[in-house]
Amino acid sequence: MGKFYDEEMETLPADKLRALQSERLVKQVKRVWDNVPYYRKKMEAKGVTPDDIKGIEDLHKLPFMTKDDLRDAYPYGLLACDRKDVVRIHSTSGTTGKRVVAFYTQNDIDLWDNCCARALTAAGADEGDIVQVSYGYGLFTGGMGLHGGSTKLGCMTVPISSGNTERQIQFMTDLEASILCCTPSYAAYLAESINEQGMRDKIKLKAGIFGAEAWTEEMRADIEKKLGIKAYDIYGLTELSGPGVAYECEAQKGMHINEDHFIAEIINPKTQEVIPDNEKGELVFTSLTKEAFPLLRYRTKDLCVLNREKCSCGRTFVRMHKPMGRSDDMLIIRGVNVFPSQIETVLLKEGMPPNYQIIVDRVNNTDTFDINVEMTEDMFSDRMSKISEKEGHLMAALKTMLGIQAKVHLVAPKTIERSEGKAVRVIDKRKLY
Amino acid sequence: MAVKQISVFIENRVGGLAEVTDALGSANINIRALSISETSDFGILRLIVDDVNKAAKVMREGGFICQVTDVLAVAGEDKPGSIAKIISALTKGNVDMEYAYAFFAKNEDLAYMIVRVDDEEMDRAVRYLKDNGIQVVDEEDVMNL
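Residue numbers (the numbering used here), protein chains in the order written: chain A, 657 to 1089; chain B, 257 to 401.
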């Protein structure tokens, strides 16, 4: 049995957990009905009122929420508390460029910090640890999420954010950081650099918490070997809070979902019917305790399997498998959500035909992101400088829309692969699932 | 006083250039001068041909992206120092060259240079070159080479 941050909750027997979830669900449904007209409309359309929800067994009666709902209700349409009670927002990209903005009350932040503190504890951290948070800080939830958890746990927290590898290694060695939090690809990159510089003996890391993008068991083994640490996975999404919705324990066999805060369901993405545990389907979450931005039955589009078998660590929370793919076309590139439709939006806005192809690969554990765009007469010129100018303009517009840099390649017209007449928009060469 | 040049977009891959030259050859278009400028992804093929309108039609029908633009064509004696004379005149006249390439004509003692200047600069550049004793060639001259 390992250590717990909140032993009572993390080891709550199944029946008590279910009772707690039921009680919180009933309250949450009533809350959104009272405070959020958007929810009320959706529930009325489905013929459901809060009176119909007496416990978790009635969960299936509630309508689903998707990213489209978040877009429709943008920015404040799903806010379930007074604006004056909101203390922070985080944001992530949406399907057509409109961003998803999630709101937090102080209580929401506290509970999120608790979830991350649980994740850190499960990875072996306590107040004696030095936690280097190398996730990006800002609108992205990674940095501030783990930062909050680490601070709550009482660790010495190093808010170094992402990038600047030299400085990362310097802090890591000088301060003797013991826990590293970042994306798995950045961890792999850091591991590579540390070994190249012969600094392996100078680092004191014992564990790492790596999330926000897909990674394989092979990648885990590689990072663990190169850094001499245990590498733990963590799951979350901005819509629900951020990292810490689910976290791995010492068993490293799936991520425990913080079920006192989130109910997880698996549905068939086509029929939208709930399917049994141990069968692969789309992961759906209901946030039970969020005040500012509660989501009921939010479809994550992550394909996943739930496992209710008893875990050797003693936690009773259900475990989710690493996401095994997506039920939509969203890509996660360097930790950033990218929808092909966003590229289409930019091209159309720039007056170009939406003929493009995204090529994603992973080279030296870092995602590469290339976009082939078919050249047009409008963009073409006999002068290289004019083409470069337009190309640069397009790349800047894409960067603004996507939040990450893509390399644009201009290709001849009608050369983008079409399968049965339909253009192949995405070639993902990474083997992540 | 300008000469028409056709530029064609070519992808940087084996056979990319051949597709263009084959199409022009099959259409009986004679290439007088040629230059290529390239990046890692693509190239711009610039041509002076005997029938630029026909060439543009052939290119577009073949699904190529092309553009017809005005460029300056200047002539100098085919002997050492003559290109230098042209370049130095352009430099002295503050004419900004985007690119340039040279070619020779058969049975003549002249060397030719194609110079791309800004469209608004064209008239001034022609005037300046002429004032400095440099022969500027027009479309018809080039066709008859």
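None of these hints come from the bench; they were simulated from the model. Among the hints, a few may not be true.
For lysine to aspartate or glutamate, the following DMTMM-like pairs were computed, each having C-alpha atoms within a straight-line distance of at most 25 Å [what the hints assert, rightly or not]:
no., chain 1, residue 1, chain 2, residue 2
1, A, K1085, B, E267
2, A, K881, A, E921
3, A, K1042, B, E396
4, A, K1070, B, E354
5, A, K1063, B, E333
6, A, K808, A, D782
7, B, K313, B, E377
8, A, K1070, B, D374
9, A, K1046, B, D374
10, A, K698, A, D708
11, A, K1070, B, E396
12, B, K310, A, D1034
13, A, K1055, B, D352
14, A, K1055, A, E1006
15, A, K698, B, E267
16, A, K1042, B, D352
17, A, K1005, B, D387
18, B, K313, A, E852
19, A, K862, A, D1034
20, A, K1046, B, D278
21, A, K1070, B, E267
22, A, K1005, B, D326
23, A, K886, A, E935
24, B, K260, B, E317
25, A, K966, A, D985
26, A, K1046, B, E396
27, A, K886, A, E663
All of these numbers come straight from a predicted model, not from anything done at the bench.
Results for each hint:
1. Our distance criterion of 25 Å between C-alpha atoms is met by K1085(A) and E267(B), whose separation comes to about 23 Å.
2. Proposed proximity of K881(A) and E921(A) is contradicted: the alpha carbons are some 35 Å apart, above 25 Å.
3. Between the alpha carbons of K1042(A) and E396(B) the distance comes to roughly 29 Å, so the proposed pair goes past 25 Å and is violated.
4. Using a Cα cut-off of 25 Å, the hinted pair K1070(A) and E354(B) is violated, with the two alpha carbons roughly 29 Å apart.
5. Distance hint between K1063(A) and E333(B) is unfulfilled; the C-alpha atoms sit about 46 Å from each other, more than 25 Å.
6. Simply put, K808(A) and D782(A) have alpha-carbon atoms about 10 Å apart, close enough for the 25 Å limit, and the pair holds.
7. The straight-line distance between the Cα atoms of K313(B) and E377(B) is roughly 28 Å, outside the 25 Å bound, and the hint therefore fails.
8. The suggested pairing of K1070(A) with D374(B) is violated, with an alpha-carbon distance near 31 Å, which exceeds 25 Å.
9. For the hint linking K1046(A) to D374(B), the alpha-carbon distance of about 17 Å falls within 25 Å, and the restraint holds.
10. Under the criterion of a C-alpha separation no larger than 25 Å, the hint pairing K698(A) with D708(A) is consistent with the structure, at around 14 Å.
11. Distance restraint check for K1070(A) and E396(B): the Cα-Cα separation of roughly 36 Å exceeds the 25 Å cut-off, and the hinted pair is therefore not satisfied.
12. Annotation: proposed proximity of K310(B) to D1034(A) holds, straight-line Cα distance about 20 Å (limit 25 Å).
13. A hinted pair counts as satisfied when its Cα atoms are at most 25 Å apart, and K1055(A) with D352(B) does not qualify at roughly 32 Å.
14. Among the hinted pairs, K1055(A) with E1006(A) is consistent with the structure: their alpha-carbon atoms are about 13 Å apart, no more than 25 Å.
15. Taking the CA atoms of K698(A) and E267(B), the gap is about 51 Å. The hint is violated against a cut of 25 Å.
16. This hinted pair checks out: K1042(A) and D352(B) have alpha carbons roughly 15 Å apart, not beyond 25 Å.
17. Note on K1005(A) and D387(B): the hinted pairing is violated, with a Cα-Cα distance of about 47 Å set against a maximum of 25 Å.
18. Note on K313(B) and E852(A): the hinted pairing is violated, with a Cα-Cα distance of about 57 Å set against a maximum of 25 Å.
19. The straight-line distance between the Cα atoms of K862(A) and D1034(A) is roughly 56 Å, outside the 25 Å bound, and the hint therefore fails.
20. A distance of roughly 30 Å separates the Cα atoms of K1046(A) and D278(B); the hinted pair therefore is violated under the 25 Å criterion.
21. Between K1070(A) and E267(B) the alpha-carbon distance is near 12 Å, which keeps this suggested pair within the 25 Å criterion.
22. Note on K1005(A) and D326(B): the hinted pairing is violated, with a Cα-Cα distance of about 30 Å set against a maximum of 25 Å.
23. Proposed proximity of K886(A) and E935(A) is contradicted: the alpha carbons are some 28 Å apart, above 25 Å.
24. Our distance criterion of 25 Å between C-alpha atoms is met by K260(B) and E317(B), whose separation comes to about 19 Å.
25. Distance check on the hinted pair: K966(A) and D985(A) sit about 34 Å apart at the alpha-carbon level, beyond 25 Å; violated.
26. With a CA separation close to 34 Å, the supplied pair K1046(A) and E396(B) exceeds the 25 Å bound.
27. Restraint check for K886(A) and E663(A): satisfied, since their Cα atoms lie roughly 22 Å apart, inside the 25 Å limit.
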